[in-house]
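*Asks:* For reference, the chains in residue letters:
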Amino acid sequence: DTGVSQNPRHKITKRGQNVTFRCDPISEHNRLYWYRQTLGQGPEFLTYFQNEAQLEKSRLLSDRFSAERPKGSFSTLEIQRTEQGDSAMYLCASSLGAGGLTEAFFGQGTRLTVV
Amino acid sequence: QKEVEQDPGPLSVPEGAIVSLNCTYSNSAFQYFMWYRQYSRKGPELLMYTYSSGNKEDGRFTAQVDKSSKYISLFIRDSQPSDSATYLCAMVGGGFKTIFGAGTRLFVKA
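Listed in order, the protein sequences are those of chains A and B. Note that the working numbering gives residue 68 to position 68 of the first sequence, counting from 1, and the numbers run on in steps of one. Note that the working numbering gives residue 90 to position 90 of the second sequence, counting from 1, and the numbers run on in steps of one.
These are computed hints drawn from the structure, not numbers from a lab. A few of these clues could be false.
[Claimed, not checked] Looking from chain B toward chain A, a few residues come up when the C-beta cut is under 8 Å (computed):
1) P14
2) K42
3) L47
4) K67
5) Y71
6) G93
7) G101
[Stated by the list, open to error] Below are the SDA-like pairs computed for lysine to any residue, each with C-alpha atoms no more than 20 Å apart in a straight line:
8) B:K42 with A:R9
9) B:K42 with A:L55
10) B:K67 with B:K42
11) B:K42 with A:N7
12) B:K97 with A:G97
13) B:K97 with A:T2
14) B:K42 with A:G97
15) A:K57 with B:S40
16) B:K42 with A:R15
17) B:K42 with A:F21
18) B:K42 with A:K57
19) B:K97 with A:R9
20) B:K97 with A:K14
21) B:K42 with A:D24
22) B:K2 with A:F45
23) B:K42 with A:T2
24) B:K97 with A:E103
25) B:K42 with A:E83
26) B:K56 with A:N30
27) B:K97 with A:V115
28) B:K42 with A:Q50
29) B:K2 with A:R31
30) B:K42 with A:I12
31) B:K2 with A:T113
32) B:K70 with B:E5
33) B:K42 with A:K71
34) B:K42 with A:G72
35) B:K2 with A:L39
36) B:K97 with A:K11
37) A:K57 with B:G93
38) A:K11 with B:S40
39) A:K71 with A:G97
40) B:K2 with A:Q41
Just so you know, even glycine gets a beta-carbon here, dropped at the ideal spot from N, CA and C.
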């Protein structure tokens, strides 16, 4: 499967614990995006990388959230001191762009449940 | 008020019907308009992509953008049970941040 890969698919954690998700984009895609989707809602933008540079960051991304893309390939999203309100599907997408918007491909998502 | 408004449905139609899905938006800066399909517990999949105003057709799907009314539509002809999914409209203005509607749940009955 050469699509966007996200791991784990599901994560159940206790409130207050830290969690980390991984996203492997489509090979050679230089753009990578993180979104959060809650039940009955569309995805909400969290952050965007072009290669290893984090170029946009939503106000939704509180200080407890951090995202990295150290070598411009895979990316990680960490949530510290999880809260019940963090329960959601976390989606990663990647695209190939030299300018302008190009088609972004989404992964299957990581479903986080904070208990 | 949300930047993108989309009726969540659910919308239930018989097989073979023409389906009309719509979104309205408030931000005049939006230039790219997209429709995604999302099956349960899956990531969104891009169906159609339109720049600025006009129509675009791809098989059974037609996307329309009316920037003067800030209104976009997706039409599905000869709907099939396999079209049952949530349909998300999405828009991009300056930068690369995509704003999604809440999604419309569609059920096509055989």
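*Asks:* Work down the list of hints and note, for each, if the structure agrees.
*Replies:* Cross-check of the supplied hints:
{"no.": "1", "hint": "P14", "verdict": "violated, 25 Å"}
{"no.": "2", "hint": "K42", "verdict": "holds, 6 Å"}
{"no.": "3", "hint": "L47", "verdict": "violated, 11 Å"}
{"no.": "4", "hint": "K67", "verdict": "violated, 16 Å"}
{"no.": "5", "hint": "Y71", "verdict": "violated, 17 Å"}
{"no.": "6", "hint": "G93", "verdict": "violated, 10 Å"}
{"no.": "7", "hint": "G101", "verdict": "holds, 5 Å"}
{"no.": "8", "hint": "B:K42 with A:R9", "verdict": "holds, 10 Å"}
{"no.": "9", "hint": "B:K42 with A:L55", "verdict": "violated, 27 Å"}
{"no.": "10", "hint": "B:K67 with B:K42", "verdict": "violated, 31 Å"}
{"no.": "11", "hint": "B:K42 with A:N7", "verdict": "holds, 14 Å"}
{"no.": "12", "hint": "B:K97 with A:G97", "verdict": "holds, 14 Å"}
{"no.": "13", "hint": "B:K97 with A:T2", "verdict": "violated, 24 Å"}
{"no.": "14", "hint": "B:K42 with A:G97", "verdict": "violated, 24 Å"}
{"no.": "15", "hint": "A:K57 with B:S40", "verdict": "violated, 27 Å"}
{"no.": "16", "hint": "B:K42 with A:R15", "verdict": "violated, 25 Å"}
{"no.": "17", "hint": "B:K42 with A:F21", "verdict": "holds, 17 Å"}
{"no.": "18", "hint": "B:K42 with A:K57", "verdict": "violated, 24 Å"}
{"no.": "19", "hint": "B:K97 with A:R9", "verdict": "violated, 24 Å"}
{"no.": "20", "hint": "B:K97 with A:K14", "verdict": "violated, 31 Å"}
{"no.": "21", "hint": "B:K42 with A:D24", "verdict": "holds, 16 Å"}
{"no.": "22", "hint": "B:K2 with A:F45", "verdict": "holds, 14 Å"}
{"no.": "23", "hint": "B:K42 with A:T2", "verdict": "holds, 16 Å"}
{"no.": "24", "hint": "B:K97 with A:E103", "verdict": "holds, 13 Å"}
{"no.": "25", "hint": "B:K42 with A:E83", "verdict": "violated, 24 Å"}
{"no.": "26", "hint": "B:K56 with A:N30", "verdict": "violated, 28 Å"}
{"no.": "27", "hint": "B:K97 with A:V115", "verdict": "violated, 31 Å"}
{"no.": "28", "hint": "B:K42 with A:Q50", "verdict": "violated, 25 Å"}
{"no.": "29", "hint": "B:K2 with A:R31", "verdict": "violated, 26 Å"}
{"no.": "30", "hint": "B:K42 with A:I12", "verdict": "holds, 18 Å"}
{"no.": "31", "hint": "B:K2 with A:T113", "verdict": "violated, 26 Å"}
{"no.": "32", "hint": "B:K70 with B:E5", "verdict": "holds, 11 Å"}
{"no.": "33", "hint": "B:K42 with A:K71", "verdict": "violated, 27 Å"}
{"no.": "34", "hint": "B:K42 with A:G72", "verdict": "violated, 25 Å"}
{"no.": "35", "hint": "B:K2 with A:L39", "verdict": "holds, 17 Å"}
{"no.": "36", "hint": "B:K97 with A:K11", "verdict": "violated, 26 Å"}
{"no.": "37", "hint": "A:K57 with B:G93", "verdict": "holds, 16 Å"}
{"no.": "38", "hint": "A:K11 with B:S40", "verdict": "holds, 18 Å"}
{"no.": "39", "hint": "A:K71 with A:G97", "verdict": "holds, 17 Å"}
{"no.": "40", "hint": "B:K2 with A:Q41", "verdict": "holds, 12 Å"}
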